[in-house]
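Asker: Turn these sequences into a full structure, and let the hints guide you.
Sequence order for the protein chains is F and Z. Taking numbering that gives the first Met the number 0, I'd label the letters of the first sequence as residues 0 to 127. Taking numbering that gives the first Met the number 0, I'd label the letters of the second sequence as residues 0 to 310.
Bear in mind the hints are in silico, worked out from the structure with no lab data behind them. Some hints here could point you the wrong way.
On the chain F side, residues computed to face chain Z include the following (Cβ under 7 Å) [as the list claims (entries may be wrong)]:
{"hint": "1", "residue": "Gly-16"}
{"hint": "2", "residue": "Trp-27"}
{"hint": "3", "residue": "Ala-28"}
{"hint": "4", "residue": "Asp-78"}
{"hint": "5", "residue": "Ala-81"}
{"hint": "6", "residue": "Gly-82"}
{"hint": "7", "residue": "Arg-98"}
{"hint": "8", "residue": "Leu-102"}
{"hint": "9", "residue": "Arg-104"}
{"hint": "10", "residue": "Leu-109"}
{"hint": "11", "residue": "Leu-116"}
{"hint": "12", "residue": "Leu-120"}
{"hint": "13", "residue": "Leu-121"}
A virtual CB, placed ideally from N, CA and C, is assigned to each residue, including glycine.
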Amino acid sequence: MAGGKDGRRAPGRRARGELEGAVLAALWAADGPVTAAVVQEQVPDTAYTTLLTILTRLCGKGRVTRRREGRSYVYAPVDDRAGHAAAGMHSLLAEGGDRAAVLARFVSELSAQDERLLEQLLHGDSSA
Amino acid sequence: MFWPVPMYLPLLVSAVLALGAPWAGRRMPPRAGAWAMLCAAVVAAGTWVTELAILAFTAVGQVPLVAAQGPWSVSALAAEDPVSRKIAAVCAGVILVLTVSLTLASWRRGRALVDAWRECRDIAAGGDLAVVDDPVPAAFAVLGLPGRVVVSSGMLRLLDGPERGALLAHERAHLRHRHHVFSLVLHLTTVVNPLLRSLERAGAFAVERWADEEAGAAVGDRRVVARAIARAALASSRAGQAALAATGGPVPQRVQALLAPPVRHRVGVMVAFSVLMAACCGSLAVTAHDTERLFEAAMHAHATAVRVSAR
Numbered sequence: 000m001a002g003g004k005d006g007r008r009a010p011g012r013r014a015r016g017e018l019e020g021a022v023l024a025a026l027w028a029a030d031g032p033v034t035a036a037v038v039q040e041q042v043p044d045t046a047y048t049t050l051l052t053i054l055t056r057l058c059g060k061g062r063v064t065r066r067r068e069g070r071s072y073v074y075a076p077v078d079d080r081a082g083h084a085a086a087g088m089h090s091l092l093a094e095g096g097d098r099a100a101v102l103a104r105f106v107s108e109l110s111a112q113d114e115r116l117l118e119q120l121l122h123g124d125s126s127a
Numbered sequence: 000m001f002w003p004v005p006m007y008l009p010l011l012v013s014a015v016l017a018l019g020a021p022w023a024g025r026r027m028p029p030r031a032g033a034w035a036m037l038c039a040a041v042v043a044a045g046t047w048v049t050e051l052a053i054l055a056f057t058a059v060g061q062v063p064l065v066a067a068q069g070p071w072s073v074s075a076l077a078a079e080d081p082v083s084r085k086i087a088a089v090c091a092g093v094i095l096v097l098t099v100s101l102t103l104a105s106w107r108r109g110r111a112l113v114d115a116w117r118e119c120r121d122i123a124a125g126g127d128l129a130v131v132d133d134p135v136p137a138a139f140a141v142l143g144l145p146g147r148v149v150v151s152s153g154m155l156r157l158l159d160g161p162e163r164g165a166l167l168a169h170e171r172a173h174l175r176h177r178h179h180v181f182s183l184v185l186h187l188t189t190v191v192n193p194l195l196r197s198l199e200r201a202g203a204f205a206v207e208r209w210a211d212e213e214a215g216a217a218v219g220d221r222r223v224v225a226r227a228i229a230r231a232a233l234a235s236s237r238a239g240q241a242a243l244a245a246t247g248g249p250v251p252q253r254v255q256a257l258l259a260p261p262v263r264h265r266v267g268v269m270v271a272f273s274v275l276m277a278a279c280c281g282s283l284a285v286t287a288h289d290t291e292r293l294f295e296a297a298m299h300a301h302a303t304a305v306r307v308s309a310r
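Answerer: Right, dumping it as structure tokens:
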């Protein structure tokens, strides 16, 4: 994991906030409520006990719900206040202008030519 | 008589820096390139504004009220001034316009940043990630204390585990290295000098590449980042978000760069950057010195005239 004040940090020693984010992302990516073991597969280099701690903390904050299913708990993300606040900013992207310019976006728009080029690159990479 | 060429030299050198810096910056590793281009943009914009101010002052100095403050002789200044009065007046006008537009642009961009920062506090529910329940793939970072990464559920479902890690690492790199400040400063330099627009674009691209490389280091495989970017961009594009695209966006270049070996440091490019920036500052110093001598001569003429009339 690159990070920390001077650029590098040992793998596995991620900040708590980052780990919570990774767990939350995995829960949102799942099709429905999943067990902690399924989440662990999606978040690499994390001990099972650490994962349970993170899930419990997220439950405590109301960002995740859990219910008993059979012998274990299954977890699901909550569409919470944070998400609603973020949705407001999300809609800014469509408006453009200065307010959209201060948001650092992951990907920008593509032209038709870009799309074809990307398809080729993706294809070439997966077959390599 | 003062030779006019040195008076305009800084404008020429800063134009060379403005147009050459994007070319050189693209040939550097992203992190070093982003910093070099930021410095170049600030030096070029600073030289441009200072030079305009110097040129404008050779005319402003001929206003009797201003000359009385020196005091210097208006007629001596007018006779020796290598800058035509028309050009100097135009420079003064440009300085006024630049001051107004820079103030407006800083205010607008600054307010947008503060608004985003405020909204960030509402998103600060825990962890550094806020998820918007929306099938359209989208992801961005918001500067704040601490900053937040906002991702749509559509984007998270689209990517696999390592690719999600790459996406989060990319956005966190933006937050950690304050990339918003880079884009703010680059934007303001283009307001001062439109010649710097291509440098702004190259700088913004270097910043994205920097975050990409950090993400590659975080997930331990640069190809995973390339795949995440390509899939996210294709999916966003198909979701109809790309209606405004005609610029041949930098996404394919980012993917290509990640699939190619990392760019190595090149001493020559660094030297070229330093030489050009030094030339900017040096030529400005020469102009400032020449202008100072011009005004000194006019002050001397004034003092002599006063002595003669006193006799």
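Asker: Take the hints in turn and mark each one as holding or not.
Answerer: Checked hints:
Because the closest C-beta pair between F/Gly-16 and chain Z is about 4 Å apart, less than 7 Å, the hint holds. Evaluation of the F/Trp-27 hint against chain Z yields a held restraint, the C-beta minimum of about 4 Å falling below 7 Å. Because the closest C-beta pair between F/Ala-28 and chain Z is about 4 Å apart, less than 7 Å, the hint holds. Evaluation of the F/Asp-78 hint against chain Z yields a held restraint, the C-beta minimum of about 4 Å falling below 7 Å.
Of the supplied interface hints, the one on F/Ala-81 holds, with its beta-carbon coming within about 4 Å of a beta-carbon of chain Z, less than 7 Å. Taking 7 Å as the C-beta contact cut-off toward chain Z, the hint placing F/Gly-82 at the interface holds, the least distance being around 5 Å. Look at F/Arg-98: its Cβ gets to within about 5 Å of chain Z, closer than 7 Å, so that hint holds up. Look at F/Leu-102: its Cβ gets to within about 4 Å of chain Z, closer than 7 Å, so that hint holds up.
Interface restraint check: F/Arg-104 against chain Z, minimum CB-CB distance 5 Å, threshold 7 Å, status holds. Restraint check, F/Leu-109 versus chain Z: the minimum CB separation of about 4 Å is within 7 Å; hint holds. Given the 7 Å rule on beta carbons, the hint for F/Leu-116 holds: about 4 Å separates it from the nearest Cβ of chain Z. A cut of 7 Å between beta carbons decides the hint on F/Leu-120: the least distance to chain Z is about 5 Å, and the hint holds.
Interface restraint check for F/Leu-121: the shortest CB-CB distance to chain Z comes to about 5 Å, inside 7 Å, so the restraint holds.
Figure legend: structure checked against the earlier numbered hints; every hint is met.
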